[in-house]
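For the record, the sequence lines run as chains C and Z. Residue numbers for the first sequence follow the working numbering, beginning at 1 and rising by one. Residue numbers for the second sequence follow the working numbering, beginning at 118 and rising by one.
Check each hint, because a few of them may be wrong.
[Said to hold, decoys possible] Quick list of the computed label-pair ranges, beta carbon to beta carbon:
1) C:80 with Z:159: 44 to 52 Å
2) Z:197 with C:51: 16 to 24 Å
3) Z:125 with C:9: 25 to 33 Å
4) Z:134 with C:80: 35 to 43 Å
5) C:53 with Z:132: 49 to 57 Å
6) C:14 with Z:131: 16 to 24 Å
7) C:59 with Z:174: 29 to 37 Å
[As the list claims (entries may be wrong)] Non-contacting residues of chain C with respect to chain Z, defined by C-beta distances greater than 10 Å in every case (computed):
8) 2
9) 52
10) 59
11) 104
12) 109
Quick caveat, the hints were computed from the structure, so don't treat them as lab data. Beta carbons are placed, not taken as given, at the ideal position from N, Cα and C, and that holds for glycine.
Below, each chain spelled out in residue letters.
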Amino acid sequence: NAGVTQTPKFQVLKTGQSMTLQCAQDMNHNSMYWYRQDPGMGLRLIYYSASEGTTDKGEVPNGYNVSRLNKREFSLRLESAAPSQTSVYFCASSVRRGQGASNSPLHFGNGTRLTVT
Amino acid sequence: QKEVEQNSGPLSVPEGAIASLNCTYSDRGSQSFFWYRQYSGKSPELIMFIYSNGDKEDGRFTAQLNKASQYVSLLIRDSQPSDSATYLCAVKATNAGGTSYGKLTFGQGTILTVHP
Numbered sequence: 001n002a003g004v005t006q007t008p009k010f011q012v013l014k015t016g017q018s019m020t021l022q023c024a025q026d027m028n029h030n031s032m033y034w035y036r037q038d039p040g041m042g043l044r045l046i047y048y049s050a051s052e053g054t055t056d057k058g059e060v061p062n063g064y065n066v067s068r069l070n071k072r073e074f075s076l077r078l079e080s081a082a083p084s085q086t087s088v089y090f091c092a093s094s095v096r097r098g099q100g101a102s103n104s105p106l107h108f109g110n111g112t113r114l115t116v117t
Numbered sequence: 118q119k120e121v122e123q124n125s126g127p128l129s130v131p132e133g134a135i136a137s138l139n140c141t142y143s144d145r146g147s148q149s150f151f152w153y154r155q156y157s158g159k160s161p162e163l164i165m166f167i168y169s170n171g172d173k174e175d176g177r178f179t180a181q182l183n184k185a186s187q188y189v190s191l192l193i194r195d196s197q198p199s200d201s202a203t204y205l206c207a208v209k210a211t212n213a214g215g216t217s218y219g220k221l222t223f224g225q226g227t228i229l230t231v232h233p
């Protein structure tokens with residue numbers, strides 16, 4: 001049981017280049033998320049997908065696009081990378097709960113360390 | 118004001134002592150609260166969650182929640198060097214309809230160092 005798998009683990013881009021970060025989960029979770037983590041800033045939500053076929057902006061969506069390809073896969077695309085996007089990116093998933101439910105912990109992938117020069 | 122605030126530390130405690138980590142949040146309607154541990158260079162992993170006022174114990178860890186004062190804390194008893202990590206407090210938002218989608222807001226984390 002792999003859990004949440006992210007690729008690649010490391011990436012170096014030049015300013016203006018594009019790339020897609022891939023994420024897949026095998027836990028049959030409905031909700032998936034992309035976070036970025038910067039020193040002193042904690043984890044900040046970029047985009048999330050509450051269920052297959054839906055995506056919504058998080059706290060810091062500018063410069064990113066996402067695609068929920070199917071229930072398992074949620075990709076993050078940088079169309080024109082900027083040095084400010086140098087960060088560690090985490091994909092996560094959780095079980096979507098309906099009204100009245102309480103807790104839905106996040107399960108994280110191992111992260112992608114992206115450097116934009 | 119940040120939605121979820123933590124003292125970034127570092128917090129240094131001797132081995133065997135109690136480590137106390139604190140977190141405050143601004144959304145009074147928040148329902149669920151989580152503590153994640155993150156070792157350097159690794160991904161966060163869930164330690165505990167709590168959603169009722171009071172204490173919740175799990176082994177050496179105790180989470181404390183006070184909704185009236187809008188704070189949540191994590192106590193680590195008999196601290197070990199292996200507990201040295203960054204501890205992230207996370208609060209789950211609830212939309213106006215009352216349905217939770219698991220979207221969490223994280224604090225910036227507290228670095229804990231347990232020295233032998």
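Task: Interface exclusion of residue 104 of chain C relative to chain Z, criterion Cβ beyond 10 Å - done: 4 Å, violated
Task: Outcome for the supplied range 35 to 43 Å, where the beta carbon pair is residue 134 of chain Z and residue 80 of chain C - done: 50 Å, violated
Task: Outside-interface status for residue 52 of chain C - nearest CB in chain Z farther than 10 Å - done: At about 13 Å from chain Z, residue 52 of chain C clears the 10 Å cut-off, so the statement holds.
- [ ] Over 10 Å to the closest beta carbon of chain Z is the bar; see if residue 2 of chain C clears it.
- [x] 13 Å, holds
- [ ] With respect to the beta-carbon atoms only, verify the hint that residue 14 of chain C and residue 131 of chain Z lie 16 to 24 Å apart.
- [x] Given range 16 to 24 Å: violated, Cβ gap about 47 Å.
- [ ] Kindly confirm whether 44 to 52 Å is satisfied by the beta carbon distance between residue 80 of chain C and residue 159 of chain Z.
- [x] Violated: the Cβ-Cβ distance is about 30 Å, outside 44 to 52 Å.
Open item on the list: For the hint 49 to 57 Å, verify it against the beta carbon of residue 53 of chain C and that of residue 132 of chain Z.
Closed with: For residue 132 of chain Z against residue 53 of chain C, whose Cβ atoms are near 51 Å apart, the range 49 to 57 Å holds.
Task: residue 197 of chain Z versus residue 51 of chain C beta-carbon gap, inside 16 to 24 Å or not - done: 40 Å, violated
Open item on the list: Just to be sure I understand the hint, the distance between the Cβ atoms of residue 59 of chain C and residue 174 of chain Z should be within 29 to 37 Å; is that true here?
Closed with: Distance hint for residue 59 of chain C, residue 174 of chain Z holds at roughly 32 Å.
Task: residue 59 of chain C and chain Z, when compared Cβ to Cβ, separated by more than 10 Å - done: Given that some Cβ of chain Z is not farther than 10 Å from that of residue 59 of chain C, nearest at about 8 Å, it is violated.
Task: Distance rule for residue 109 of chain C, whose beta carbon must clear each one in chain Z by more than 10 Å - done: Its Cβ does come within 10 Å of chain Z, the nearest being 6 Å, so this is violated.
Task: Verdict for residue 125 of chain Z, residue 9 of chain C (Cβ pair) under range 25 to 33 Å - done: 27 Å, holds
Checked against the numbered hints given earlier, this structure breaks hints 1, 2, 4, 6, 10, 11, 12; the rest are met.
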